[in-house]
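J.: So the chains spell out like this:
Protein chains: 2
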Amino acid sequence: MNNKIGDQTIIFKNEPKIISHYSVVGEKEGNGNFKNYYHYILKDDLFGEKSFEHAERKMLEFAISNSIKGANLKIADIDLLIGGDLLNQIISASFTARHFDRPFLGVYGACSTMAESLAIGATFVDGKYLKNVVCATGTHFSTAERQYRFPLELGNQRPPTSQWTVTGAGSSVLSLNGCGHKIKMATLGKVTDYGIKDVNNMGAAMAPAAMSTLISHFKDTKTTPDDYDLILTGDLGKLGSEILMDLMEHNGYKFGKNYNDCGQMIYNNNQKTFQGGSGCGCSAAVLNSFVLKKMDEGVFKRVLFAATGALLSTLSSQQGDTIPGICHAVVIEKDDKKEN
Amino acid sequence: MNNKIGDQTIIFKNEPKIISHYSVVGEKEGNGNFKNYYHYILKDDLFGEKSFEHAERKMLEFAISNSIKGANLKIADIDLLIGGDLLNQIISASFTARHFDRPFLGVYGACSTMAESLAIGATFVDGKYLKNVVCATGTHFSTAERQYRFPLELGNQRPPTSQWTVTGAGSSVLSLNGCGHKIKMATLGKVTDYGIKDVNNMGAAMAPAAMSTLISHFKDTKTTPDDYDLILTGDLGKLGSEILMDLMEHNGYKFGKNYNDCGQMIYNNNQKTFQGGSGCGCSAAVLNSFVLKKMDEGVFKRVLFAATGALLSTLSSQQGDTIPGICHAVVIEKDDKKEN
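First to last, the protein sequences are chains A and B.
Heads up, the first sequence is in our numbering, so the first residue is 1 and it goes up one at a time.
Heads up, the second sequence is in our numbering, so the first residue is 1 and it goes up one at a time.
So that you can see chain A by itself, here it is in the shape it has in the complex:
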């Protein structure tokens, strides 16, 4: 194979670029650590819609539309939309795709969906199958809460290991034409299950998947953690990140200050989210705001974006199953021509 190295990593020799990106988040996220980096902050989490589910779709549509505009492209220039979300049958992504009248591939990797979309999208672009591909995903606290946990009206107490589903969406436009940071490679993750059953401790369930993909990535590419300015996991949260650091250290990989986690970073300590953020929208919003902006500024030059997902459903947990996790990683390198 020309474009594969090691066991799980593919190389994008033509260097697809993220030629445009857009992030939209809810009010709570807008008061968090990255308030100065988001493109748009909702004043009302219903976004003028009649249900939170419709608001989730509208955020995704808004992010996609604005990322296309930001690339100076028309909708007709887009060859493919790739996306998914947390709602049953990924209705947010599918219903959103109606509005664009362009080909659509629905994907599902729980909170790893942004990285999965980028890996697939980069393949279509790098292989010159398609010119411009949009990768987008999002979540909404209120839709996830009532689908996975309790009715919102119940105001149920949250356990200390829990995370807070991010209200937000992010969209990236990939192309070989134009300026933007480059997607250099992708490490496709394996489903990993260490037997965790606690649905309020997703970080612990996902950390082994992150470890699996990161170790494979370092081995495949013959790199070390020090080769990256930023190693960013999806949304393990504070506890999950600590578990990951322990697991990595046991395997001989010591993470320094260049490691962080989207879930851990997105809210500030006064926002009572316990372990931090989660949801497809978490890593999508953080990547498409703070991370790419800091790459513009030259603060990060080489980023390993490793989004993680917990692949459970309410039914699998009701039937006593454990929680499998997955993690897909993409390497993004600074475009030296792009400076702010």
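Treat the hints as calculated values from the structure; they're not laboratory data.
Check before you lean on any hint, since a few could be wrong.
Chain B is faced by these chain A residues, among others (derived, beta-carbon under 10 Å) [to be verified]:
#, residue
1, Q8
2, L87
3, S94
4, L105
5, V107
6, G109
7, E116
8, G127
9, V191
10, T192
11, L230
Here are a few chain B residues that sit away from chain A, every Cβ distance over 10 Å (derived from the structure) [as the list claims (entries may be wrong)]:
#, residue
12, S65
13, L154
14, D246
15, F255
16, K257
Computed from a predicted structure; not experimentally measured.
Here a beta-carbon is modelled for each residue, glycine too, at the ideal position from N, C-alpha and C.
Mind docking chain B on chain A? Use the hints.
T.: Leaving out everything else, chain B in the frame of chain A:
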């Protein structure tokens, strides 16, 4: 773009082959029209498991394992599994992927998932990113029925426009090495919504999506329906197929005897399934048994496999939304070296 023609169609110049395939179905399907074509027919729809959901996973695992064996490959030779299913958060595919310890990409296109998987898988293989890719999907009547409709114990009456979710799974191994029928191109579908709200009439909801993709395919490739020995839609069922034929005729495309539909074909008239079969497992099982076998025999030399999906959820219907549809198509050509 080197590998795109027209608006929605990509070309696989290296001709990825389906080097192995496997189908497993339930007892009812085993009494249907293709009983002599399936690789394995369950004697018990629980497949020895404690729940129908676990049986669905086991079928998928069984189909994947046997397709890998059929290709004379080991699990370690597989670079990627691609799959999805109808259950919330595609737990069947994700949980199944745990057992293989190979990279996994989860996709969701409702009953179009087999074609979506083949289109993505063929891209990875054709572009020489990966060597051997397994595409698999499945469904189970009893899991779909209780997730989407009523408890099984209720024995609810079925409306005449309804379809019957197929208990079955199919798996295809794609590679550039080895013998097998060739995936020549894929037409990636748009989400199409004609405003149908009747959840018991999926054929009507999906027919416009099939029309959209088929017309785009014929335009992109400058072919006509007569250029195919078989044009096979996913699972529009009897009524949906009639609607599609009407819609196509209105657009100047007359379908002859070379058109059929997996849902319409899979059961016989005595099986009381009204409009026929549905579910990801329907087109997956029909493709990976009857269709590829008939290609081996030379009965079909050029097949346009256009699987269709209805992208609703119970929640979207409860909120009064219409039912969007999608259809992805792949062209499969007979490998002249392969004869039975």
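J.: Hint by hint, where does the structure go against what was stated? Just the numbers, ascending.
T.: Structure breaks hint 11 only.
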